[in-house]
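Here's the letter readout for the chains.
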Amino acid sequence: MTIESITVAATKKTNMALVRVVLDAIYKASGALAAFTLLVMLIIIIMQMASRWLGVQFPGSNDYASYCMAASSFFALGYTLNHNAHIRVSLVLNFTSGLLRRLLDIWCLSIASLLAGYLTYYTIRNVHLSHLINDISQGQDATPLWIPQSAVMIGSAIFTLALVDKLLQAIFIAGSSDSIEAKQEELK
Amino acid sequence: MDHLTLTGIFILVLFFLLGSGVWIGLALLGAAYVGMELFTTRPVGDAMFTAIWSASSSWSLTALPLFIWMGEILFRTKLSEDMFKGLAPWLSGLPGGLLHTNVVGCTVFAAVSGSSAATLTTVGKMSIPELRRRGYPDYMVLGTLVGASTLGLMIPPSLTLIVYGVTINESISKLFMAGVLPGLVLASLFMGYIVVWSFVKPDEVPEKEPAMSFKEKVYNSRFLLPVIVLITLVIGTIYTGLATATESATFGVVGALSLALIQGSLSFKTFTDSLLGATRTSCMIALILAGAAFLALAMGFTALPTTLAQYIASLELSPLTLIFALMLFYIVIGMFLDGISSVVLTMAVVEPMIRQAGIDLIWFGIFIVVVVEMAQITPPIGFNLFVMQGMTKKPIGYIAKTAFPMFLLMVVMVLILVMLPELATYLPDNMQTTPS
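Protein chains in written order, with my numbering: chain A, 82 to 269; chain B, 116 to 551.
Honestly, the hints are just simulated from the structure, not real lab data. Ideal placement from N, C-alpha and C gives every residue a C-beta, glycine not left out. Fair warning: there could be bad hints in the mix.
Pairwise CB distance ranges, derived in the manner of DEER restraints [said to hold, decoys possible]:
1. A/Asn-96 with B/Asp-253: 48 to 56 Å
2. A/Gly-136 with B/Phe-329: 31 to 39 Å
3. A/Val-102 with B/Val-527: 35 to 43 Å
4. A/Leu-213 with B/Ile-343: 53 to 61 Å
5. A/Ile-127 with B/Ile-343: 16 to 24 Å
6. B/Gly-379 with A/Gly-136: 31 to 39 Å
7. B/Thr-156 with A/Pro-140: 34 to 42 Å
8. B/Ser-380 with A/Ile-127: 43 to 51 Å
So, partial list: chain B residues that the calculated Cβ filter (under 10 Å) puts toward chain A [to be verified]:
9. Phe-164
10. Trp-168
11. Pro-180
12. Val-368
Covered by chain B, according to a simulated footprint, are these stretches of chain A (three or more residues, beta-carbon under 8 Å) [claimed, not checked]:
13. 92–99
14. 159–166
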């Protein structure tokens, strides 16, 4: 091996490490954003109650809280996946091991990536359409719907990214599939 | 291909995706996609987006993350310690002694927690070591705790009832109230079992605690004050119509945070940990609900729910037979799925059936919670068993065996519910209506 090829390999490795760091940062940031959105939802509901007692109007508060709910759920998808907190039927998974287990994981991740990708594609299309025709919420809030729907779009995209990420790891790095650990975080 | 074959393919795809281990929400999404492609010429992707958007941005759903968050905060406080200290003096005199702290502890904590796993971990954190130290036999300590933890989903707030209410469009406040009396009856059944055990096996009951004077007991009850305040905030505001389910959850979160602050257990870390934990659990449930919403749409096109409802009606079963058939059905489903998934997955099909048979949907919500919870304490898949295994490192089989008497008591509970439906319907019929 020449010195040159070693340097190339080393750069490749650092590049890969960089990709890893960036991806993990994205998942973490989207999780933090989801948690923040939940906090905003709580504050909106508190303000709604306070305004009712004070006899002040807070039009559309229900709608704003509902948008926060949707945004939080979708922002958190990828982050939740990385914490193994999405539940699945692990009966068959638990009874397989070795190559069979790996193949089963690749199957699950492929299907999941396809579905999440499909959802992301149609979400982008609909948000775009919603923006074009300027679709306005029917409620008192009269929010242009593309704004809250964008959160669903971004969340689905990050979810797809996280699934493809795990799929590639399962295919190319043997025994790295930590997602497979059926350590299901119970419903707390 | 004829309609029947297509329906068969649709159902097979659903079971295959679920069984092979695809994450439940996505498996429902995938099956729904196949169903839509088979039965309609509609643009599937756009219908998918619309169904998912309206299911995810639902106002009733906002109570869900808040109640989860409340449980996450309380788990990180000294509440379980305090509850044990406050309850033990009153319960040690009963036949069966401190084992009753498991049941009463779960009942009390269930009134501020929405899930049975949270109830199990919070109560067990304190009661398991304390009861073991005093020499209570392991099988009674673990069995009564696993059994009583199911009260977490019966007594309001309850995540399963929120999900049920959102799925069939019923008032969550009413469902919550419906769970109160059946929950208390079930708790008394568990306590009765402990009493009977203490008379059948008196040699296994450890020696009595040194008795406290009445004054001391009352003084010790000060430890119960925080939890009583929280219960009043959460259940009281719903029953009196002062708050909707979401608003009472907000009271709960603020109350739990204040409690943690007063106790000194609130730090930036516990705050973010609890919030992130709630975010994950709520996201997990939201994904299942999103998948289920699209699946329900696809189910509608297969005409499976109406066909099945008509078929069941043509059999002219008595409601009683139908209820027992459904009980068996849910126990089998519960062997593979968790409670919330079993509810959302089946309601699209079961709801028309229930309406056809003239069964009250509020009552059915309580029934489904008991039955689904029964499945959670039986192998092979029982979430409460897994949680218990995580806490005690005992094998699943052993824990399941200790919980089996509780399972039988829950069957008795179903019988009581069938014979006395007013148990579930009395409070919802007599509560104040909530503000719009």
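Does the structure break any of the earlier hints, and which numbers would those be?
2, 3, 8 and 13
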